[in-house]
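Start counting the sequence shown at 359; every next residue gets the next number (this note's numbering).
Hints in this document: simulated from the structure, not taken from any laboratory.
Glycine included, every Cβ here is placed at the ideal spot set by N, Cα and C.
Among the hints, a few may not be true.
Cβ-Cβ distance ranges computed for the label pairs, FRET-style [what the hints assert, rightly or not]:
no., residue 1, residue 2, range
1, Leu388, Val432, 19 to 27 Å
2, Leu413, Leu434, 32 to 40 Å
3, Leu413, Asp364, 40 to 48 Å
4, Ser419, Phe386, 18 to 26 Å
5, Val440, Leu420, 19 to 27 Å
6, Leu441, Leu388, 23 to 31 Å
7, Asn362, Val440, 49 to 57 Å
8, Asp417, Asn362, 52 to 60 Å
9, Ser394, Leu437, 25 to 33 Å
10, Val376, Arg410, 25 to 33 Å
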Amino acid sequence: MAFNPDNYGLRLFVRYLVLCLIALIFIFPLVFMINSSFKPDSQLLADTSSLRAFLPVGDISLDNYFGAFRRAPVGLFVLNSVLVTG
Numbered sequence: 359m360a361f362n363p364d365n366y367g368l369r370l371f372v373r374y375l376v377l378c379l380i381a382l383i384f385i386f387p388l389v390f391m392i393n394s395s396f397k398p399d400s401q402l403l404a405d406t407s408s409l410r411a412f413l414p415v416g417d418i419s420l421d422n423y424f425g426a427f428r429r430a431p432v433g434l435f436v437l438n439s440v441l442v443t444g
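All chains, full assembly: derive it from the sequences and hints.
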């Protein structure tokens, strides 16, 4: 296939469009996880069937993070990671 400068811009646009769509497919689960970590269980279950699951709406709080620090020795885990990685 020979290089055709007339189609180069269109091919480049389509290539970047496809790459952006693939990136969105990989980013949406991360956005869902991060937003879910700030919501209580009841709000999370109520939002899973709608687009609100991906948006930071509803009862947003840091209670899940405070609970994780109370239940597990997170400080010890962080110290271990710092010591291992140098």
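Next on the checklist: Which constraints among the numbered hints does this structure fail? Numbers only, ascending.
Outcome noted: none
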